[in-house]
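J.: Please construct the entire structure, taking both the sequences and the accompanying hints into account.
One line per chain: the protein sequences are A and B, in this order.
The first sequence runs 1 to 113 under the working numbering.
The second sequence runs 1 to 114 under the working numbering.
Be a bit skeptical, because a hint or two may be false.
Calculated lysine to any residue pairs in the SDA-like style (CA-CA distance at most 20 Å, straight line) [what the hints assert, rightly or not]:
1. A:Lys57 to B:Gly105
2. B:Lys70 to B:Ala106
3. B:Lys56 to A:Lys57
Among the chain B residues that face chain A by a calculated CB cut under 8 Å, a handful are [unchecked claim]:
4. Thr27
5. Asn31
6. Gln33
7. Arg41
8. Gly42
9. Leu43
10. His45
11. Leu48
12. Ala82
13. Leu102
14. Ile103
15. Phe104
16. Ala106
Please keep in mind that the hints were generated in silico from the structure rather than gathered at the bench.
Beta carbons are placed, not taken as given, at the ideal position from N, Cα and C, and that holds for glycine.
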Amino acid sequence: DSGVTQTPKHLITATGQRVTLRCSPRSGDLSVYWYQQSLDQGLQFLIQYYNGEERAKGNILERFSAQQFPDLHSELNLSSLELGDSALYFCASSVELRSNEQFFGPGTRLTVL
Amino acid sequence: SQQGEEDPQALSIQEGENATMNCSYKTSINNLQWYRQNSGRGLVHLILIRSNEREKHSGRLRVTLDTSKKSSSLLITASRAADTASYFCAPHHFYSGGYNKLIFGAGTRLAVHP
Numbered sequence: 001d002s003g004v005t006q007t008p009k010h011l012i013t014a015t016g017q018r019v020t021l022r023c024s025p026r027s028g029d030l031s032v033y034w035y036q037q038s039l040d041q042g043l044q045f046l047i048q049y050y051n052g053e054e055r056a057k058g059n060i061l062e063r064f065s066a067q068q069f070p071d072l073h074s075e076l077n078l079s080s081l082e083l084g085d086s087a088l089y090f091c092a093s094s095v096e097l098r099s100n101e102q103f104f105g106p107g108t109r110l111t112v113l
Numbered sequence: 001s002q003q004g005e006e007d008p009q010a011l012s013i014q015e016g017e018n019a020t021m022n023c024s025y026k027t028s029i030n031n032l033q034w035y036r037q038n039s040g041r042g043l044v045h046l047i048l049i050r051s052n053e054r055e056k057h058s059g060r061l062r063v064t065l066d067t068s069k070k071s072s073s074l075l076i077t078a079s080r081a082a083d084t085a086s087y088f089c090a091p092h093h094f095y096s097g098g099y100n101k102l103i104f105g106a107g108t109r110l111a112v113h114p
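T.: Below is the structure:
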């Protein structure tokens, strides 16, 4: 158990819908990262937050957005969902902005029908 | 951004044998990390080797780093069925902006058969 929690575990929804994925980092970790893992794209970095501020962006679509709240939990919002958005979404956390080791949550499996 | 490329893509061995996976990257690094992912689960950090280190051990894991060849290898000795997983390397460079994203390759899928 990494100490990072993600909810929900599974999510099944329809195209065009909007969903919110939630992540609670390890106690004391200030940095949160979101990754998407799909069969065709592999594991892709989406975005990083540190202490409430966005710090790095990766291959994140405009239909996706994220935020980190004062209690350091983070949410990833996915809107206008498409079939291709079906994937595992992982959250990871680390102590500092430039920590070496990231601790991954168990992931949320999103299925878009 | 720095991405590691793992080789081979897939590896199938018998329990008790050693498994070696390789990683190549393109630009300078501060460190290189290896992660393991069991099917459908989150990644687990295995080991980190800094750019000024050549070899590092952790239990049955041995990692080497050759910065002149921009390559690293992960050796798992006396493999067990529980080692069956995908293994990813993450070459890491501290950018001046301070951000910390890890870029993962496609990984090596290791299958250890009893």
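J.: Hint by hint, note whether the structure agrees.
T.: We went through each hint and held it up to the structure:
no.: 1; hint: A:Lys57 to B:Gly105; in the structure: holds (18 Å)
no.: 2; hint: B:Lys70 to B:Ala106; in the structure: holds (18 Å)
no.: 3; hint: B:Lys56 to A:Lys57; in the structure: violated (32 Å)
no.: 4; hint: Thr27; in the structure: violated (17 Å)
no.: 5; hint: Asn31; in the structure: holds (6 Å)
no.: 6; hint: Gln33; in the structure: holds (7 Å)
no.: 7; hint: Arg41; in the structure: holds (6 Å)
no.: 8; hint: Gly42; in the structure: holds (3 Å)
no.: 9; hint: Leu43; in the structure: holds (4 Å)
no.: 10; hint: His45; in the structure: holds (5 Å)
no.: 11; hint: Leu48; in the structure: holds (5 Å)
no.: 12; hint: Ala82; in the structure: violated (17 Å)
no.: 13; hint: Leu102; in the structure: holds (6 Å)
no.: 14; hint: Ile103; in the structure: holds (6 Å)
no.: 15; hint: Phe104; in the structure: holds (4 Å)
no.: 16; hint: Ala106; in the structure: holds (5 Å)
Consistency note: the structure conflicts with the earlier hints numbered 3, 4, 12.
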